[in-house]
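Asks: Sequence:
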Amino acid sequence: MSKRILYIGNQLSKHGFNKTTIETLGSSFENEGYVVSYSSSKKNQIVRLFDMIFTTFWNAKKVDFILIDTYSTSSFWYAFFCSQIARVFKTKYIPILHGGDLPKRLDANSKLSRMLFNNAFKNVAPSSYLLSEFANKGYQNVVYIPNTIEIKNYAFKRRNVFEPKLLWVRAFATIYNPKMAVAVLNKLQAHYPNATLTMVGPDKDGSMEVTKQYAKELGIEVCFTNRLSKEEWINLSQECDFFINTTHFDNTPISVMEAMALGLPVVSTNVGGIPFLLTHDENAVLVNDNDSEAMTNAIVDLIKNEKKTVLMSENARAFVEQMDWDNIKKKWRVLLS
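Residue numbers for the sequence shown follow the numbering used here, beginning at 1 and rising by one.
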């Protein structure tokens, strides 16, 4: 009999947001024969919280496992409440640790964090960063299962000449620092007046309008596409030569992994779990948080040193191929057996 899973997370793509792990990983589980139910796709955060609580209460005795996407900000609370319902019904639950700032949450809410994570069947860390941080804070029931992509869906484009065409893919939110991307373009145009920047993603907290206004103040043109489907932005990526990641903190962003798979050289801030995913000057270039000058200089260097950049993009593709679903699903199969 197939294992039954209840998956708790923010299933919001139908409302114009990017797909999160609940939709990508959940679909992969279904393809492997697991019976998966979900919560929640409610747009309003409070309504979504109550929908998750009710769904967990109603289904806890009907499933073998409850998977819970667990973040460091307000979404931490749905993970906490649903986990405690699972405890009442003695159902195995597995928090999947996504929040790059979760280590701070462990300190800020230490008692609640122990209730959530110490009583889990297992905690899944998609990055060595969170595995290490949780271990350092005394949590022993953590297993490392990387974020995954289906590598067959990402055609590697080998670039031998690189132009200053930048791509940024993320939700517009303060924590992802989209204004830094505009600052980088502004500085890059001093070296290459033809430099361009395309920013892909939905607005999450009003940051898109702030970023647009910043570009207007600087007098530079930026292409804002809003949210695109994965297929649409992958097609768009063929016209770009660099992927920039400007986040203030992070775990292991799927969009960065996708850029590596596509052959886009990655220049990223060196924050949170990023240095556990990217190795400086091997498969990416890392700069300090909010250092637009360093990011600009890194891009200029990569444009001028084509052989170095080609090798870096090839290394990135080889690295991310290890995270193909056909490899990672074996780890999930063992955990859910």
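What the hints contain is simulated information worked out from the structure, not anything from laboratory work.
Treat the hints with care, as some may be off.
Unchecked claim - Have a look at the derived ranges for each label pair, beta carbon to beta carbon:
1) Ala190 <-> Ser74: 51 to 59 Å
2) Ser41 <-> Lys61: 16 to 24 Å
3) Glu282 <-> Trp58: 44 to 52 Å
4) Asn290 <-> Tyr192: 43 to 51 Å
5) Asp205 <-> Lys104: 42 to 50 Å
Note that the structure is a prediction, hence the values are computed from the model and not measured.
From the three backbone atoms N, C-alpha and C, an ideal C-beta is built for every residue, glycine too.
Asks: Each hint needs a verdict: does it hold in this structure or not?
Replies: Now the hints, each set against the structure:
At about 40 Å, the CB distance of Ala190 to Ser74 disagrees with the hint of 51 to 59 Å. Hint check: Ser41 to Lys61, Cβ distance near 23 Å, so the stated range 16 to 24 Å holds. Taken as a hint, the range 44 to 52 Å holds for the pair Glu282 and Trp58, whose Cβ atoms sit roughly 49 Å apart. The hinted window of 43 to 51 Å between Asn290 and Tyr192 is violated, with their beta carbons roughly 22 Å apart.
Between Asp205 and Lys104 the beta carbon distance is about 19 Å. The supplied range of 42 to 50 Å is therefore violated.
The structure shown violates the earlier hints numbered 1, 4 and 5.
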